[in-house]
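Sequences and hints are given; from them, build the entire structure.
There are 2 protein chains.
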Amino acid sequence: MRLNPVDPAFVDRLRAVLPDPAFRETSPAYLEEPRGRWRGQAGVVVAPGSTEEVAGVIKQAFEARVPVVPYGGGTGLVGGQIAPDGPAPVLLSLERMTRVRGVYPEENVMVVEAGAILSDIHDVAEETGHLFPLSIAAKGSARIGGILSTNAGGVNVLRYGNARDLCLGLEAVLPDGQIWHGLMRLRKDNTGYDLRNLLIGAEGTLGVITAATLKVVQRPAQEGTALMSVPGPAAALRLLAMARTQMGDGVSAFELIHRQGLNFLAETVPDIRQPFENPTEWTVLIDLGLPRGMTPDDALETLFGEAMEAGLVSDGLIAQSQAQRQAFWDVREHIPVANKRIGAISSHDISVPLGMIAEFIEAGRSVIAGIGDFRINCFGHLGDGNLHYNVFPQSGKTREDHVDQRDRIKCAVHDLVHRMGGSVSAEHGIGRLKVDDLERYGDPAKLSAMRAIKAALDPAGIMNPGAVLRILD
Amino acid sequence: MRLNPVDPAFVDRLRAVLPDPAFRETSPAYLEEPRGRWRGQAGVVVAPGSTEEVAGVIKQAFEARVPVVPYGGGTGLVGGQIAPDGPAPVLLSLERMTRVRGVYPEENVMVVEAGAILSDIHDVAEETGHLFPLSIAAKGSARIGGILSTNAGGVNVLRYGNARDLCLGLEAVLPDGQIWHGLMRLRKDNTGYDLRNLLIGAEGTLGVITAATLKVVQRPAQEGTALMSVPGPAAALRLLAMARTQMGDGVSAFELIHRQGLNFLAETVPDIRQPFENPTEWTVLIDLGLPRGMTPDDALETLFGEAMEAGLVSDGLIAQSQAQRQAFWDVREHIPVANKRIGAISSHDISVPLGMIAEFIEAGRSVIAGIGDFRINCFGHLGDGNLHYNVFPQSGKTREDHVDQRDRIKCAVHDLVHRMGGSVSAEHGIGRLKVDDLERYGDPAKLSAMRAIKAALDPAGIMNPGAVLRILD
Numbered sequence: 001m002r003l004n005p006v007d008p009a010f011v012d013r014l015r016a017v018l019p020d021p022a023f024r025e026t027s028p029a030y031l032e033e034p035r036g037r038w039r040g041q042a043g044v045v046v047a048p049g050s051t052e053e054v055a056g057v058i059k060q061a062f063e064a065r066v067p068v069v070p071y072g073g074g075t076g077l078v079g080g081q082i083a084p085d086g087p088a089p090v091l092l093s094l095e096r097m098t099r100v101r102g103v104y105p106e107e108n109v110m111v112v113e114a115g116a117i118l119s120d121i122h123d124v125a126e127e128t129g130h131l132f133p134l135s136i137a138a139k140g141s142a143r144i145g146g147i148l149s150t151n152a153g154g155v156n157v158l159r160y161g162n163a164r165d166l167c168l169g170l171e172a173v174l175p176d177g178q179i180w181h182g183l184m185r186l187r188k189d190n191t192g193y194d195l196r197n198l199l200i201g202a203e204g205t206l207g208v209i210t211a212a213t214l215k216v217v218q219r220p221a222q223e224g225t226a227l228m229s230v231p232g233p234a235a236a237l238r239l240l241a242m243a244r245t246q247m248g249d250g251v252s253a254f255e256l257i258h259r260q261g262l263n264f265l266a267e268t269v270p271d272i273r274q275p276f277e278n279p280t281e282w283t284v285l286i287d288l289g290l291p292r293g294m295t296p297d298d299a300l301e302t303l304f305g306e307a308m309e310a311g312l313v314s315d316g317l318i319a320q321s322q323a324q325r326q327a328f329w330d331v332r333e334h335i336p337v338a339n340k341r342i343g344a345i346s347s348h349d350i351s352v353p354l355g356m357i358a359e360f361i362e363a364g365r366s367v368i369a370g371i372g373d374f375r376i377n378c379f380g381h382l383g384d385g386n387l388h389y390n391v392f393p394q395s396g397k398t399r400e401d402h403v404d405q406r407d408r409i410k411c412a413v414h415d416l417v418h419r420m421g422g423s424v425s426a427e428h429g430i431g432r433l434k435v436d437d438l439e440r441y442g443d444p445a446k447l448s449a450m451r452a453i454k455a456a457l458d459p460a461g462i463m464n465p466g467a468v469l470r471i472l473d
Numbered sequence: 001m002r003l004n005p006v007d008p009a010f011v012d013r014l015r016a017v018l019p020d021p022a023f024r025e026t027s028p029a030y031l032e033e034p035r036g037r038w039r040g041q042a043g044v045v046v047a048p049g050s051t052e053e054v055a056g057v058i059k060q061a062f063e064a065r066v067p068v069v070p071y072g073g074g075t076g077l078v079g080g081q082i083a084p085d086g087p088a089p090v091l092l093s094l095e096r097m098t099r100v101r102g103v104y105p106e107e108n109v110m111v112v113e114a115g116a117i118l119s120d121i122h123d124v125a126e127e128t129g130h131l132f133p134l135s136i137a138a139k140g141s142a143r144i145g146g147i148l149s150t151n152a153g154g155v156n157v158l159r160y161g162n163a164r165d166l167c168l169g170l171e172a173v174l175p176d177g178q179i180w181h182g183l184m185r186l187r188k189d190n191t192g193y194d195l196r197n198l199l200i201g202a203e204g205t206l207g208v209i210t211a212a213t214l215k216v217v218q219r220p221a222q223e224g225t226a227l228m229s230v231p232g233p234a235a236a237l238r239l240l241a242m243a244r245t246q247m248g249d250g251v252s253a254f255e256l257i258h259r260q261g262l263n264f265l266a267e268t269v270p271d272i273r274q275p276f277e278n279p280t281e282w283t284v285l286i287d288l289g290l291p292r293g294m295t296p297d298d299a300l301e302t303l304f305g306e307a308m309e310a311g312l313v314s315d316g317l318i319a320q321s322q323a324q325r326q327a328f329w330d331v332r333e334h335i336p337v338a339n340k341r342i343g344a345i346s347s348h349d350i351s352v353p354l355g356m357i358a359e360f361i362e363a364g365r366s367v368i369a370g371i372g373d374f375r376i377n378c379f380g381h382l383g384d385g386n387l388h389y390n391v392f393p394q395s396g397k398t399r400e401d402h403v404d405q406r407d408r409i410k411c412a413v414h415d416l417v418h419r420m421g422g423s424v425s426a427e428h429g430i431g432r433l434k435v436d437d438l439e440r441y442g443d444p445a446k447l448s449a450m451r452a453i454k455a456a457l458d459p460a461g462i463m464n465p466g467a468v469l470r471i472l473d
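Chains A and B, in that order, are what the protein sequence lines are.
Numbering follows this note's numbering, with no gaps: position 116 of the first sequence is 116.
Numbering follows this note's numbering, with no gaps: position 298 of the second sequence is 298.
Heads up, none of these hints are tricks.
Note that the list lumps identical chains together, so a pair holds whenever it fits in one copy or between two copies.
Computed cross-link-like contacts, DMTMM-like style, restricted to lysine to aspartate or glutamate with a CA-CA straight-line distance of at most 25 Å: (1) Lys215 / Asp443; (2) Lys59 / Asp443; (3) Lys215 / Asp165.
Just so you know, these hints were derived from the structure itself, not from any lab.
Structure, rendered in structure tokens:
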């Protein structure tokens with residue numbers, strides 16, 4: 001299927017369905033992505049103000065066979081928001097659709113438009129004593145439409161699930177311009193195929209999400225945070241099981257930190273205070289959100305005591321104030337910043353079955369050592385089996401010194417993950433970065449079903465072409 | 001697309017791919033369904049012993065354009081397991097695929113074949129101190145493949161979600177006979193479209209689920225149960241919010257019971273002991289699963305005290321033993337039995353937004369009164385907004401006296417639900433019973449997307465034809 005680039009005649013057609021404020025300057029920000037791997041192109045940038053206007057754009061694009069790249073906050077890490085080649089597309093930004101359409105505190109529900117920024121959604125939830133528990137580093141600029149389209153994860157997936165689990169309904173424009181009115185506020189609805197979950201995680205290739213019904217939760221009555229030194233990842237997982245026995249679902253986050261990350265922090269973000277003077281190799285950050293009937297301090301002390309006896313921890317710090325909680329979290333949240341400053345040769349967003357984590361980390365070490373002399377920073381969402389496994393040059397060298405080893409490192413890590421029944425994209429998605437990986441590691445039957453679904457819903461192939469699935473001639 | 005009935009030549013083709021034990025007698029059980037609305041037909045009944053054999057059957061059916069009806073425990077309430085008309089199909093039973101393929105206690109995961117019976121899965125989870133929290137009345141005969149295919153719900157959805165939320169991965173045979181190997185044990189995997197959730201709830205129309213990776217949870221350290229008299233559904237919802245503030249996610253079930261159900265019980269199942277001598281109109285059953293740090297009795301007493309002060313409850317009973325917990329649950333679980341003995345004119349499995357429940361119940365009363373003089377038993381999963389809303393004849397009359405009013409009642413209830421943004425199938429699915437309802441109330445864009453997906457994945461239309469979507473000529 002041949003697509004056509006945006007040309008002046010097509011822009012004229014868009015002028016018939018969009019008011020002037022919907023046409024934006026093609027500023028550089030629309031054409032960049034955080035990893036700096038690609039530079040995008042856009043024949044025109046439009047920011048519709050309503051779902052009907054989005055539908056108008058898609059209908060025109062469908063008729064004229066012009067590609068459309070949906071654009072949220074531009075924070076995606078796999079290039080799903082960027083069209084580096086092919087016919088110049090319409091870049092469709094949701095930035096003008098940021099309304100909160102409804103808040104239903106007694107239902108633990110809110111309805112927001114796709115352009116709403118995550119931290120604004122947090123604030124709206126807060127106003128009624130609620131919590132929208134999805135939180136990612138890019139929360140200040142990521143928009144909920146993009147977050148849902150990539151099924152984003154973050155630090156609270158352990159307790160509350162990923163974007164998919166926090167969405168009850170969608171409104172979307174399908175690739176032929178039809179509007180799907182699916183903003184249900186229902187906890188249970190078994191009427192037909194699960195179109196909602198099909199669009200979530202489809203990275204804009206099956207339609208444009210324009211609004212979503214989100215689940216919020218009652219904010220836990222009391223919160224607490226601790227850092228604990230653990231002998232290794234396997235002990236950390238046993239510590240998590242122990243915490244759950246004691247506190248049930250009260251464990252909101254359980255993050256693994258490697259000393260390498262703390263060293264990078266000390267080197268590149270020295271204003272972040274390091275909680276342990278001499279950290280052991282592995283540390284976990286535990287975050288609790290407890291009901292009124294339990295006290296975080298007591299719970300963390302009990303946990304620490306029992307874990308000490310069982311040999312699962314060797315040292316620990318329990319935050320004594322809100323400021324200290326934030327300080328502990330600052331450590332975790334600045335590790336990606338430090339990583340960026342050091343400059344990874346290859347970064348991997350992987351998951352393995354929980355029971356394979358320790359083995360994966362061991363095997364990963366020798367696989368990488370077999371390629372060369374590198375530093376590994378392995379950290380992340382341990383309870384989800386989701387690790388960010390990043391490989392860095394030794395001190396004094398830069399990533400540029402190892403450009404030729406990059407693919408070998410990536411392949412070695414991904415091959416290992418795949419052999420262990422893991423995923424080469426745990427939370428970032430496929431985008432354009434991992435199209436090859438999906439073909440290499442993906443199940444053939446699933447891939448052919450994906451292609452059939454794509455062709456059925458987007459027969460003209462206009463929606464974010466080249467993302468997730470390769471364009472076949 | 002014309003389909004062909006099973007004929008002797010086709011049975012011969014099946015004999016080439018299936019061993020003798022896979023061929024079953026066409027006993028009446030395969031052709032009945034619990035509501036007694038339809039009688040099925042089958043050209044041949046086969047029960048493959050492996051995924052490869054299932055794939056063999058589907059390949060033959062695909063080539064010969066013969067319909068296939070997948071069959072689990074036969075407990076579905078909407079006729080998804082029954083082919084009352086059309087060319088005689090292959091009835092494909094999963095009853096011989098009941099193996100537990102793996103148990104991973106440290107991962108809170110197990111892998112089971114599609115024919116495993118729910119209560120057997122409960123037992124396997126129990127052996128390692130775990131809980132597979134999905135529980136439905138038909139647990140002694142329902143098979144997990146059917147449970148996933150219909151996205152079944154039940155009493156613990158409030159805390160643990162429905163079937164969809166408890167499944168991490170699937171193995172399935174797609175309508176062209178390809179096997180999808182998707183039995184991941186991962187909490188996070190963003191590699192491509194969500195085929196898992198597409199097959200879950202597709203009621204066998206997009207393929208045959210042959211095995212599943214299931215989430216289990218650590219069994220809560222302590223459990224507790226109470227019955228509380230509430231002034232009405234709105235107060236009950238405020239009681240639930242209060243319980244969650246006090247106990248967090250410790251509330252495992254929160255069921256609404258109407259006095260009508262208790263009266264039916266007294267009339268038809270008199271050996272079930274009624275906990276309250278003079279029950280008020282509305283009762284809730286609260287079930288707790290608490291971590292070691294909290295005591296169910298104390299928690300329930302605190303809740304009751306505060307709720308009493310807030311005017312949310314007027315009476316209450318806290319179970320003092322495991323036997324009494326079971327006795328309370330027996331009341332709730334026998335209400336459907338009592339309903340069946342009384343004989344509903346029309347039964348509805350509906351959901352509405354939580355904030356609309358009280359209004360729905362009020363409005364429902366007058367809508368039904370406008371049609372005639374009936375008894376209503378409205379009960380169910382209040383915290384999910386999921387009510388079973390069943391309409392019965394007055395004492396001395398039978399359902400047969402009202403056959404002519406049945407459709408009018410159903411339409412009136414479903415119209416009301418739809419107007420309130422609700423669902424006409426909250427947990428039972430569409431099957432063959434609600435194909436018309438889906439067309440009447442479903443979103444047109446979603447319906448056309450569903451048709452496109454069905455045609456793309458099952459171009460020959462062999463998979464459970466007539467279920468979910470009408471067969472178009």
